[in-house]
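Colleague: Listed below, chain by chain, are the residues.
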Amino acid sequence: MNRQDVFLAGLGGQGVLLAGQILAQAALRSGLEVSWFPAYSPEVRGGEATCTVVMADGPVGSPIVGRPRALVLMDAGSVERHLPRAAEGAIAVINSSLAPDPPRPDGVRVITVPANELAQAAGSERSANLVMLGALLAVRPVVALSEVEAAVLDALPAHRRSSAGVNIEALRAGYRAAGGDVSV
Amino acid sequence: MNRQDVFLAGLGGQGVLLAGQILAQAALRSGLEVSWFPAYSPEVRGGEATCTVVMADGPVGSPIVGRPRALVLMDAGSVERHLPRAAEGAIAVINSSLAPDPPRPDGVRVITVPANELAQAAGSERSANLVMLGALLAVRPVVALSEVEAAVLDALPAHRRSSAGVNIEALRAGYRAAGGDVSV
Amino acid sequence: MLDDLDLTEYEPVYTRPESFTDTIMRYCPGCTHGLAHRLVAEVLDELGVRERTVCIASVGCSVYTYEYFNCDCVQAAHGRAPAVATGVKRVRPDSVVFTYQGDGDLASIGLAEVVHAAARAENITVIFVNNAVFGMTQGQMAPTTLPGQVTTTTPRGRSREEGGYTLRVCELLSQVEGVAYLARRVLTSPGRVRAAKNALRLAFEAQLEGAGFSLVELLSACPTWWHMTWREAFDWIDQTMTRYFPPGEFVNWRGCGQAKE
Amino acid sequence: MLDDLDLTEYEPVYTRPESFTDTIMRYCPGCTHGLAHRLVAEVLDELGVRERTVCIASVGCSVYTYEYFNCDCVQAAHGRAPAVATGVKRVRPDSVVFTYQGDGDLASIGLAEVVHAAARAENITVIFVNNAVFGMTQGQMAPTTLPGQVTTTTPRGRSREEGGYTLRVCELLSQVEGVAYLARRVLTSPGRVRAAKNALRLAFEAQLEGAGFSLVELLSACPTWWHMTWREAFDWIDQTMTRYFPPGEFVNWRGCGQAKE
Amino acid sequence: MNKPDFLLLIDEERCKGCELCIEFCPKGVLALASSFNRFGHHPAMVVRQEDCSGCQACVTMCPDACIELYRRKSCVGKTAAAPE
Amino acid sequence: MNKPDFLLLIDEERCKGCELCIEFCPKGVLALASSFNRFGHHPAMVVRQEDCSGCQACVTMCPDACIELYRRKSCVGKTAAAPE
Amino acid sequence: MEDRSGATRKLMSGNEACAEGAIAGGCRFFFGYPITPQNAIPEYMAEHLPEVGGVYVQAESEVAATYMMLGAAAAGTIPMTSSSSPGISLMQEGLSYMLGCELPCVVVNMVRGGPGLGNIAPSQSDYWLATRGAGHGDGRCLTFAPYSVQELHDWSAEAFQVAARYRLPVMILGDAVLAQMMEPVRLRPRGEAMSLDREWAVGGGLKGRERRIVNSLWVVPEVMEQVNLRMKARFDQAEAEMVRFEEVGDEEPEMLVVAYGSMARVAETAIGWAADEGIRARLLRPISLVPFPYAAIRVWAERVRLVLVLELSLGQMVEDVRLAVEGRCPVEFYGRAGGPLITPEDTLSVILSMAGVRRML
Amino acid sequence: MEDRSGATRKLMSGNEACAEGAIAGGCRFFFGYPITPQNAIPEYMAEHLPEVGGVYVQAESEVAATYMMLGAAAAGTIPMTSSSSPGISLMQEGLSYMLGCELPCVVVNMVRGGPGLGNIAPSQSDYWLATRGAGHGDGRCLTFAPYSVQELHDWSAEAFQVAARYRLPVMILGDAVLAQMMEPVRLRPRGEAMSLDREWAVGGGLKGRERRIVNSLWVVPEVMEQVNLRMKARFDQAEAEMVRFEEVGDEEPEMLVVAYGSMARVAETAIGWAADEGIRARLLRPISLVPFPYAAIRVWAERVRLVLVLELSLGQMVEDVRLAVEGRCPVEFYGRAGGPLITPEDTLSVILSMAGVRRML
Ligand SMILES: Cc1ncc(C[n+]2csc(CCOP(=O)(O)OP(=O)(O)O)c2C)c(N)n1
Ligand SMILES: Cc1ncc(C[n+]2csc(CCOP(=O)(O)OP(=O)(O)O)c2C)c(N)n1
Ligand code: SF4
Ligand code: SF4
Ligand code: SF4
Ligand code: SF4
Ligand code: SF4
Ligand code: SF4
Ligand SMILES: [Mg+2]
Ligand SMILES: [Mg+2]
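Protein sequences appear in the order of chains A, B, C, D, E, F, G and H.
Take the first sequence: its position 16, counted from the start at 1, is 16 in the working numbering, and no numbers get skipped.
Take the second sequence: its position 125, counted from the start at 1, is 125 in the working numbering, and no numbers get skipped.
Take the third sequence: its position 221, counted from the start at 1, is 221 in the working numbering, and no numbers get skipped.
Take the fourth sequence: its position 192, counted from the start at 1, is 192 in the working numbering, and no numbers get skipped.
Take the fifth sequence: its position 78, counted from the start at 1, is 78 in the working numbering, and no numbers get skipped.
Take the sixth sequence: its position 83, counted from the start at 1, is 83 in the working numbering, and no numbers get skipped.
Take the seventh sequence: its position 105, counted from the start at 1, is 105 in the working numbering, and no numbers get skipped.
Take the eighth sequence: its position 302, counted from the start at 1, is 302 in the working numbering, and no numbers get skipped.
Honestly, the hints are just simulated from the structure, not real lab data.
Think of the CB as a built atom: it goes at the ideal place given N, C-alpha and C, for glycine as much as any other residue.
Fair warning: there could be bad hints in the mix.
Claimed, not checked - Taking CB as the label site, the calculated pair distances span:
1. 26(E) / 15(C): 36 to 42 Å
2. 220(G) / 13(E): 41 to 47 Å
3. 227(C) / 208(G): 37 to 43 Å
4. 349(H) / 220(G): 46 to 52 Å
5. 239(C) / 123(B): 48 to 54 Å
6. 230(G) / 13(E): 32 to 38 Å
7. 209(C) / 160(A): 54 to 60 Å
8. 51(G) / 163(A): 27 to 33 Å
9. 31(B) / 160(C): 47 to 53 Å
Claimed, not checked - With the C-beta cut set under 7 Å, the calculated list includes, among others, these residues of chain H facing chain D:
10. 60
11. 75
12. 77
13. 203
14. 205
15. 206
16. 208
17. 212
18. 217
19. 220
20. 223
So here's chain A without its partners, still in its complex pose:
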């Protein structure tokens, strides 16, 4: 059985949960079993938000992952807290806009992406989460980019559908930045 996990973390408000939901939706579209599990502080704003997406071609089993094999870390605090938890051989995509000079532990492949800047360039600083997701897909293609693009539409709350274009742009920018080829 093929089992993949992605752990995403950032500041509340950075869209980490949504990015994870989009990934989960894409996995569902791809015919995978999937589980998305969030954890955050009770305060409304400013606390940390994290989520874990587990995908498999059979039952996903534990939605909880002790040592993730793919990490998307969107700020310095997340890097500090969660990078040490990375599994041997894991890949970590780090937002260099807010965590400029992350450590590079042995056995973990660290990719840095200036997500805020790229998002701004794509049209909205709020899409940094999708830049990061795009970057992840380029280096760890757990699902196809096209499925994620389709999922962006599914996952956005109705009142934010209008921002889908910007989001897809951001997603592709991240994908490209991490070496992916979007000429599909």
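With chain A held as given, fit chains B, C, D, E, F, G and H with the ligands onto it using these hints.
Modeller: Quick look at chains B, C, D, E, F, G and H with the ligands alone, frame taken from chain A:
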């Protein structure tokens, strides 16, 4: 070990609980271990009130008695419900004012006392409970009459101390009626 | 004497309400809980709603209410009758739903429930019997106990320090939107009893018209725990209790009044 | 610029209250919970009572109150802060005890507790922050939610049928003997903020004089769950909320007034 | 004996002897019996039926709904009037 | 540069960039910084200290108590006046 | 949406799936009070119940919500509420009243870290409250613990039938993981509203029937005892019919692992890893906690060297397991209390160390 | 008064003895709400606490009473409340908060027949509530079950020391028999009020100390876990120090009878009668229910042919006995639920029939 029990029952308001408490107090005065246990319906007035007094020259053990060996029954309903529970060889003192023609089961010695009338004669119909208690003592001298008389004072609530004289009169009337000799 | 009379020559002026069962009520002699019950039963009869009425009994001396009213009944937990009534009414909007609650039940443990049922404008009727004491548990202080009143938990008389102040439920509820009808009445004379019945009828009419929440507070005698004869008790109601709890109509959906009795 | 200035040439006009800890408050930008906190801290400073004050935190966005006020603190269960305050005050009558409660906490689950603390004339002060919504649990209807207001549990707007009517706490409590001071204030301009602070000071003075229960209701903005900018939120308070919740002084033990702000 | 205009029926078993009816009767129609009922109460009884005006004061005040009031059909003109 | 009569100190880490101080300042003394603080907020900053009248509107409205206000001792006559 | 297998499945949170499951199962009356981590349930109900003619009432408190349920159940419906730990504590008196009145209802508890206000992290420390709770008296809730969003959806629907059949409160025991986790769900179609026409139901008019009384006051002890014995009889019947559990793992295990709910999800993964390490472990996952699968565990206890119980608590279900095992083999416990998650990695190392210890014996 | 032995003893009800015991033990703050069969406790407190400078507050509800206790305990006293079954159900959230805040208190439960409103007859059906309750989360009360009015008096006094020592809620579990029964009591002298000067106490001024926070909210799971582990450590200590039980009867029994509280009183008499019939039975009476005397029962389980558990319930403590026995011998149960008393006569016939059955084997 010598263990004695007395079960008292009547209508709420007939003073059954108080009669039992006076008996318990007298037992304590006599140096016995004693336990008084009430049971009644939750309604304030009119329901049934019962209590059990267990006395012993050592630990009393169960305050609950399945088959009492002495019964004081103050109305027809109590007779109906509780006389069948009397132990083999028990004695039952029954208020003939309210239970005029009680059954006389085998193996139970039944004594009838017109308690309401005697109480009225003693000065207050409300003292029927003490008439009954007096009668019991005459036929089953679990404690000395003098100790009960002393206990009447102890047990009466402060605002009813004034009625102690009538009560003691009623007690003696019952004692005499059941064949006791009060010329102490 | 009755043997001499031919009853067929007579017609009834007053007979026992159909909304009463035959069960003998367990209240103390002189307790006006029974009077309050009788008025409710008469009103249910007159409105012809008995068969579609659900009575919510509360916990207090009136806990056996469900044995007395000849309609469907639900026995609620102490203080929670308005919540239970809400549940019944939401499922059965065509039923006439009323609670019958004492002052301990309604004003102490159940205060939030009655205020919120009122604010939700639940179409229910609350019969609130205020006897300034916890009757069933044997005479402890209630929120409605008067200043200076001696109870088993205010043995030196209720004071600011021991027990605090007297709570006035109608005055409180008069501030709640959602209330369609709200009145306080006493039961100390035939005329006042008739005024009380009138208030009860209005309260049920409010419900029948879907106007919202209705409540009638009845000042009631507890001779037993007031340690009074009924006559002393009635006098105490008229002279002392009504000073703290003035009778009146606080809200009337047909035209708001602070009308006196 | 600061480097160029010699601070010794300056004297403080306003510095961070001593009654605040250094902890950064977790409220959303534009949330006036922080403002309410600051006013309380200033009043505690000015009255010089910080060291003998016990703050009772409730459950709502202000749950972490105990991290912010630089005094002894007890964290109460949802709605029960007035009962907790009662316990503290009875054991420590010399302490200055206040609760800080939201409208869900105080007016929904905790209604009985606050009314009864008032009726007992508990010498405590309640800071009641009314933002017409359950903030912490993410924007559900509160008892104080206005008619028509959309919340996550009144998705079609609050109506008589869905959610019932808006509850007014000051109006309700104005009927309770035992209340020494009772006022409603808003926080939408510097002048109104100063009036609010004045009310808070009076509330604490009532407690210090042993006059009884005091409560100040502060209409507060929740930009997050109102889905508004703070400016829209302030306008909504001034134009809509105050129509249902008129500011004013409802009870003043020094001379009762219905004085306006 | 004349047939009285009004007739009171008192349910003695239900009566608690509280005396409310007796006290509120303006005509002295009622009194407590000296006998006891099953629950030990002295029930109310009619002692002067013929004086009854049908005013319903007794009925109105009885907490236990033990009193029923009947009127002679032929007694036109006389209505059961409210007291006070 | 002249020494201003009033001096504002803003605790940038504590500031949430809510703009209340800015909006309520009658003199336009304050503005949001373009930089971010640790929590991702653009904090308020003083842009025209010299225009400050010491009216305390900013201080009064700040929900996070991040503003402190000082007055030059030698500046007699000028008092920090209440706005409105 | 359609997944690759052609099935239409929707990515939903446990809370939403639970609420939609209830509607599908016939729920029409929901009485609730918000509390994290289950706010999405009342919110979903407020939004969607009116679509099927249902009613959402936001109660003033969990206490009130429970008694609104009591009234609604007395009127013939199978009502529902949901909450999380502190709120469930407040419902204890009401649940006891439901039992005393012999009324059915459905209660969801999305357990969070405790005691007290605690936190909103996943926890299983309400096992006692769920299985020995329901306030004072001898009654309890029938309690079911799903372990996936799909199962939550399904049990939430089934709960209404179970409650009606046994005339008992049914509790769905979830936690902050299950409540907030999103997984694809094959949605049940929305069924009809359940009939109000029940033997005990008040309201609806007296025509053609005796008046009805719903009551839990029975002054005469012997009558009260009958109520308790009737309740016990319904429990005994449920015990015979409703035991539910699942097993996975080695067919000839040396170790039986017992875990429920989200902890069972974790254990499932860890047991797979343990097999790779050569440990023959089997997971028995109770789905019904009341009635508890005592017999099934007892059978294994005769055959394994060790039973390992895993809980997100200081050890509560472990007592039920011990009652099942009755000394037939050692019962070991591993748990954490107050919110820290137990990961599959943690679980594996517990399994390994337990296996190691036993092997050395 | 002086009895013949010269001792000064007073005939008192269990309720009064309990209240006076508390005052003697140092209780000065009582928060209560009336409920039968324990009304005499708040009434006694209202009357007598002022004599010793104490305070009685009649709360608006049992919920409020519990939180007044929380405030009072936070301020340094060991507060007390008393109630009966439905009221104790309403206290569950508050007790969980007491545990979360690590605060001590004393709670009396004079159990009555349930579930629901039930009745006011004697019952032991709150055993689970008392031993597995205290609301959500892993905590519980230390629970003691006296069996005479004297013992009630003594434990009521001791409870304050125990609560203070372990910083835990202590529950005194009585019932309608113990509450209302009158027996002679050797009264303890009224002690001094307990000191308010505790490491956690708020109020009293900050001079010379840091500010204090009493709190049960711990957002970080690992911190919350520490609170739970501290609580567990205090429990473990109590488990080591506070197990209390009494044994009476045959020294080489064929049957061990386990019963507590008023049922133990009945069993004591029945065992005497059984001896007369030649049955060698021994009564083990747990006084501490939490911590439970598992070890003592286990020892006997090795030596007897049968353990018989008697309860005024459908069977709750029997689970703890089974946990102790762990299959070493059969555990039989006899109980009645909802208020009917079990008499010594009933008990004897149960013992006889059990003995008979076993002998035939
Ligand atoms: C939860 C709970 N708490 C307390 C009680 C005990 N209790 C029964 S009736 C009552 C007070 C009744 O007083 P009130 O409502 O005024 O009715 P009354 O008897 O005076 O008519 C109390 C406290 C209970 N049954 N349940
Ligand atoms: C017993 C209980 N029920 C529910 C909750 C969940 N809860 C936490 S805060 C809150 C509402 C808070 O609203 P409010 O008091 O208005 O404060 P705000 O956040 O708006 O300032 C609720 C329902 C809880 N913690 N405990
Ligand atoms: S105790 Fe009081 S309220 Fe209760 S029945 Fe008797 S008189 Fe009425
Ligand atoms: S959610 Fe609302 S009340 Fe809570 S901190 Fe944010 S703005 Fe303030
Ligand atoms: S109807 Fe009037 S007159 Fe006749 S008995 Fe009754 S009160 Fe007296
Ligand atoms: S009022 Fe009714 S209960 Fe009272 S004495 Fe008259 S008939 Fe009897
Ligand atoms: S004190 Fe007044 S003028 Fe100065 S910055 Fe603040 S608001 Fe502006
Ligand atoms: S009011 Fe305070 S928090 Fe808001 S921007 Fe100004 S300084 Fe910052
Ligand atoms: Mg009352
Ligand atoms: Mg709010």
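Colleague: The hint says 46 to 52 Å between residue 349(H) and residue 220(G); measuring C-beta to C-beta, is that right?
Modeller: violated (23 Å)
Colleague: Per the CB criterion, is residue 205(H) less than 7 Å away from chain D?
Modeller: holds (5 Å)
Colleague: Look at the Cβ atoms of residue 51(G) and residue 163(A) and judge whether their distance stays inside 27 to 33 Å.
Modeller: Since residue 51(G) and residue 163(A) have Cβ atoms about 28 Å apart, the given range 27 to 33 Å holds.
Colleague: Under 7 Å, Cβ to Cβ, is where residue 223(H) needs to be relative to chain D, so tell me if that hint holds or is violated.
Modeller: violated (13 Å)
Colleague: Holds or violated: is the Cβ of residue 77(H) closer than 7 Å to a Cβ in chain D?
Modeller: holds (5 Å)
Colleague: Do the beta carbons of residue 31(B) and residue 160(C) sit within 47 to 53 Å of each other?
Modeller: Once the Cβ atoms are compared, 49 Å apart, the range 47 to 53 Å for residue 160(C) and residue 31(B) holds.
Colleague: Answer holds if the nearest beta-carbon of chain D is closer than 7 Å to that of residue 75(H); otherwise answer violated.
Modeller: holds (4 Å)
Colleague: How does the Cβ-Cβ distance of residue 239(C) and residue 123(B) compare with 48 to 54 Å: does it lie in that range?
Modeller: violated (35 Å)
Colleague: Going by Cβ atoms only, is residue 203(H) closer than 7 Å to chain D?
Modeller: holds (3 Å)
Colleague: Is the distance from the Cβ of residue 220(G) to the Cβ of residue 13(E) consistent with 41 to 47 Å?
Modeller: Cβ of residue 220(G) to Cβ of residue 13(E): about 21 Å, so the range 41 to 47 Å is violated.
Colleague: Using the beta carbons of residue 26(E) and residue 15(C), state whether their distance is inside 36 to 42 Å or not.
Modeller: violated (22 Å)
Colleague: Do the beta carbons of residue 230(G) and residue 13(E) sit within 32 to 38 Å of each other?
Modeller: holds (33 Å)
Consistency with the previously given hints fails for numbers 1, 2, 3, 4, 5, 7, 16, 19 and 20, ordered from lowest to highest.
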